[in-house]
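Engineer: So the sequences go chain by chain: A and B.
For the first sequence, my numbering gives the first residue as 1, with consecutive numbering after it.
For the second sequence, my numbering gives the first residue as 1, with consecutive numbering after it.
Be careful, since some hints might not be right.
Cut-off 20 angstroms, straight-line C-alpha distance, at most; resulting in silico cross-link-like pairs (PhoX-like, lysine-lysine) [unchecked claim]:
id, chain 1, residue 1, chain 2, residue 2
1, A, K159, B, K42
2, B, K287, A, K159
3, B, K159, A, K292
4, B, K63, A, K287
5, A, K159, B, K133
6, B, K287, A, K133
7, B, K42, B, K17
8, A, K280, A, K299
9, B, K299, A, K159
To be clear, the hints were calculated from the coordinates, so they are not data collected in a lab.
2 protein chains.
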Amino acid sequence: MEQKWVIGVDLGGTTVKIAFLTIAGDLIDSWEIPTDNSEEGKNITIDIAKSIEEKLNKWNHSKQEVAGVGMGAPGPFDYETGIIYNTVNLGWPDNFPLKERLEAELGLPVIIDNDANCAALGEMWKGAGAGSKDLVCVTLGTGVGGGVIVNGNIVQGVKGAAGEIGHLTSVVENGAPCNCGKTGCLETIASATGIVRVAKEFLADAKTTGELQTTLNEQGTFTAKDVFDAARNGDKIACDVISYIAQHLGLALANIANILNPEKIVLGGGVSKAGDVLLKPVEEYFKAYSFKGVAQSTKLYVATLGNAAGVIGAAWLAKA
Amino acid sequence: MEQKWVIGVDLGGTTVKIAFLTIAGDLIDSWEIPTDNSEEGKNITIDIAKSIEEKLNKWNHSKQEVAGVGMGAPGPFDYETGIIYNTVNLGWPDNFPLKERLEAELGLPVIIDNDANCAALGEMWKGAGAGSKDLVCVTLGTGVGGGVIVNGNIVQGVKGAAGEIGHLTSVVENGAPCNCGKTGCLETIASATGIVRVAKEFLADAKTTGELQTTLNEQGTFTAKDVFDAARNGDKIACDVISYIAQHLGLALANIANILNPEKIVLGGGVSKAGDVLLKPVEEYFKAYSFKGVAQSTKLYVATLGNAAGVIGAAWLAKA
Numbered sequence: 001m002e003q004k005w006v007i008g009v010d011l012g013g014t015t016v017k018i019a020f021l022t023i024a025g026d027l028i029d030s031w032e033i034p035t036d037n038s039e040e041g042k043n044i045t046i047d048i049a050k051s052i053e054e055k056l057n058k059w060n061h062s063k064q065e066v067a068g069v070g071m072g073a074p075g076p077f078d079y080e081t082g083i084i085y086n087t088v089n090l091g092w093p094d095n096f097p098l099k100e101r102l103e104a105e106l107g108l109p110v111i112i113d114n115d116a117n118c119a120a121l122g123e124m125w126k127g128a129g130a131g132s133k134d135l136v137c138v139t140l141g142t143g144v145g146g147g148v149i150v151n152g153n154i155v156q157g158v159k160g161a162a163g164e165i166g167h168l169t170s171v172v173e174n175g176a177p178c179n180c181g182k183t184g185c186l187e188t189i190a191s192a193t194g195i196v197r198v199a200k201e202f203l204a205d206a207k208t209t210g211e212l213q214t215t216l217n218e219q220g221t222f223t224a225k226d227v228f229d230a231a232r233n234g235d236k237i238a239c240d241v242i243s244y245i246a247q248h249l250g251l252a253l254a255n256i257a258n259i260l261n262p263e264k265i266v267l268g269g270g271v272s273k274a275g276d277v278l279l280k281p282v283e284e285y286f287k288a289y290s291f292k293g294v295a296q297s298t299k300l301y302v303a304t305l306g307n308a309a310g311v312i313g314a315a316w317l318a319k320a
Numbered sequence: 001m002e003q004k005w006v007i008g009v010d011l012g013g014t015t016v017k018i019a020f021l022t023i024a025g026d027l028i029d030s031w032e033i034p035t036d037n038s039e040e041g042k043n044i045t046i047d048i049a050k051s052i053e054e055k056l057n058k059w060n061h062s063k064q065e066v067a068g069v070g071m072g073a074p075g076p077f078d079y080e081t082g083i084i085y086n087t088v089n090l091g092w093p094d095n096f097p098l099k100e101r102l103e104a105e106l107g108l109p110v111i112i113d114n115d116a117n118c119a120a121l122g123e124m125w126k127g128a129g130a131g132s133k134d135l136v137c138v139t140l141g142t143g144v145g146g147g148v149i150v151n152g153n154i155v156q157g158v159k160g161a162a163g164e165i166g167h168l169t170s171v172v173e174n175g176a177p178c179n180c181g182k183t184g185c186l187e188t189i190a191s192a193t194g195i196v197r198v199a200k201e202f203l204a205d206a207k208t209t210g211e212l213q214t215t216l217n218e219q220g221t222f223t224a225k226d227v228f229d230a231a232r233n234g235d236k237i238a239c240d241v242i243s244y245i246a247q248h249l250g251l252a253l254a255n256i257a258n259i260l261n262p263e264k265i266v267l268g269g270g271v272s273k274a275g276d277v278l279l280k281p282v283e284e285y286f287k288a289y290s291f292k293g294v295a296q297s298t299k300l301y302v303a304t305l306g307n308a309a310g311v312i313g314a315a316w317l318a319k320a
C-alpha cells in the first residue's frame, strides 16, 4: 500500500528549506536550495518544483503518494487565494499568486501560511508543544514573531494579522521606534537587536563600568550573546539590562496568558537559547503578572526544533 | 412539525434570568426569579426547573420540543462535568455538581459556561457582534470581565481561565491592589469602581478644584457617571481621569487585538454607556497602540443587548 508523504517548504530571503515527512510527522529527508531573487523572483517556484521532483525521483516516490505541500512564507498575504500582497526580500511584484504558481509548476495542492505561524505549528506537532492543542509560540530572533494556536488551529485574525506578539506595545511613552511604524513595541526590547539597543542605552546612562562596557570599548559594538555572557559573569549593567528585558517580556507573556490561558507558551529563536540567565527572571515576572489560575496552568517552555520548526510546521499544513 | 426551542439561564447572586428562544434566536419569553441562597442553595436548581416547567405549560410547549438548556454561571468550574469548584454568592458547598443537578430536576440536557463568556456569545449571536465569528467582548461593570471568541467558539483555556481581560496587568509598578490578589489589574482602573478610585487619587493630588471636587465635598463620594458628567462639563480633573483610563483601556484592547486581530471588540457593561467622552479617547489610544494591519481591521463597538446578553448567550450554548 502506498505511503502518503507531506512536503514542507520554508521560504526565506536567502534559502528555501524543504522537507519530506510521513503523515505521522517522521522526517524522511530535508535539504536547502538558494533563493533566486533575480528577475523579479520568477525562478523561485520553478526551482522549488524542480528540486522536489528530483528528490522524489531519488526516493522513488511518486507525486500520487504525496498528500500535499505546505509552505511558510513571509506575509502578508490572502489565506484563501494564496496571493502574497507584497514582499521585500523575494523580488516578486505586489500581489504575487504564490499558491497558484507553485501548484501549476508542481501539480500538487499547496497551502500557505506565514513563517511565524509555521514555526508554531512545527513546535505543536513535533517540538516543545507536542501533545498540546492550545499554545502560543514566541520567536525571539532578529525580530520577535508569534503564532497563536487555539484548539489545534492557527488563529489568523480577520486580516491575517493575529499573532503580532512582537508588536505588543510594551513601552507606552517615549518608546524606541519600531520598523512597523509604532514605538515601544516588544520587538524593540526583547529581540536580539532590541537587547543590544537597550544595553547601549543603559551603558550610555551608566555611572559605573564593567565587562560589557569594556567589550563595547574594544570592539565598537556587541551582540545579545555578549550581554548574556557579561550578566553570567556578574556584570552589574548587563544584569540590569536583562532584568529590564525580562520584566517587559514576562509582562507580555503574562498578558497573552491572561487572555488565552494556553497550555504552553513556547519561546524560540536565538534569544531563547540564553538559558536561565534570561528565562528565570522572565518566568518570575510572568508569574507575578499572571492571574492566579493562569499562573498555575500556563507553562513556559523553550522551543526544541530550532530552524527546522518552520519546515515541519509547513508540512503539517499539508496534512490537515 | 414541532418547533425546537432553546432555553437560556443566567444565574446571578440575587436573581436568575431565564429565557425561551427559537433555534434561530428569536425571543419567545423572558423573566426573572429570585435566587434562593438559603440552606446551602439547595433550592436553586429546583426553583429553576419548576419555573421553566410552569412557563412551558403556559406556552403549551412540551419538553420534547426543547433542544436543551444553556446556563451562564459564575465560575470557576469544570467544563466537562459542569461541577462548580467554588462560589461566594450562591451558598453551594465546594464542587457543586450544577449540571448534573439541573439535568436531574429538569430532564433536559444542560450545558454551562461562565457568565462573561455567555455575554460574549449573546453579543455574537444577536448583538453588536452579529455576523462575526472572531470577536472579544469586554464588560466594563463593577468589575471587568471578558469573553474571547475564535472561529465562533469561546476560548476556554487549559483551565478555563481564558478571557481574564480584567486581570491584564496594566500598571506594572505600585498598582492598586485587585480582588484577585495581584496589583495594577485593568479592573482597578477601567471598572466603575476603578474609575471612582482613580478619580479620588487624582483629586487628592490636585492643586485645582472643580465640579467633581464639589460633588465629593457635598456628597462625600461620587460614581463613575459623575466623573463622566463632570468631564462633559469641562472639569479639568475629570478630563484627566478619563484620559488616564482611556489610555490604559486603549492599550489593553490594542494588545488583545495585536494578539488575535478579531473582527470586533465589543464593549459592554455600565461604563460602556458613557458615550463619546470615554469611547473617543479609548479609540484614539487603541489605534495608536495597535499594529498597522490590526488598527485597520479590528473595530470597536458598544454592546447592544444590555443585561439580556447573558441569557441569550446561554441559550446559544444549548443550540450548538
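Engineer: If a hint holds in the structure, say so; if it does not, say that too.
Structural biologist: A quick look at each hint next to the structure:
Proposed proximity of A:K159 and B:K42 is contradicted: the alpha carbons are some 49 angstroms apart, above 20 angstroms. Our distance criterion of 20 angstroms between C-alpha atoms is met by B:K287 and A:K159, whose separation comes to about 16 angstroms. Among the hinted pairs, B:K159 with A:K292 is consistent with the structure: their alpha-carbon atoms are about 11 angstroms apart, no more than 20 angstroms. Taking the CA atoms of B:K63 and A:K287, the gap is about 48 angstroms. The hint is violated against a cut of 20 angstroms.
Proposed proximity of A:K159 and B:K133 is supported: the alpha carbons are some 13 angstroms apart, at most 20 angstroms. Distance check on the hinted pair: B:K287 and A:K133 sit about 31 angstroms apart at the alpha-carbon level, beyond 20 angstroms; violated. Of the supplied pair hints, the one linking B:K42 and B:K17 holds, its CA atoms being roughly 18 angstroms apart against a limit of 20 angstroms. Pair hint A:K280 plus A:K299 holds up; C-alpha atoms about 13 angstroms apart against a cutoff of 20 angstroms.
This hinted pair checks out: B:K299 and A:K159 have alpha carbons roughly 12 angstroms apart, not beyond 20 angstroms.
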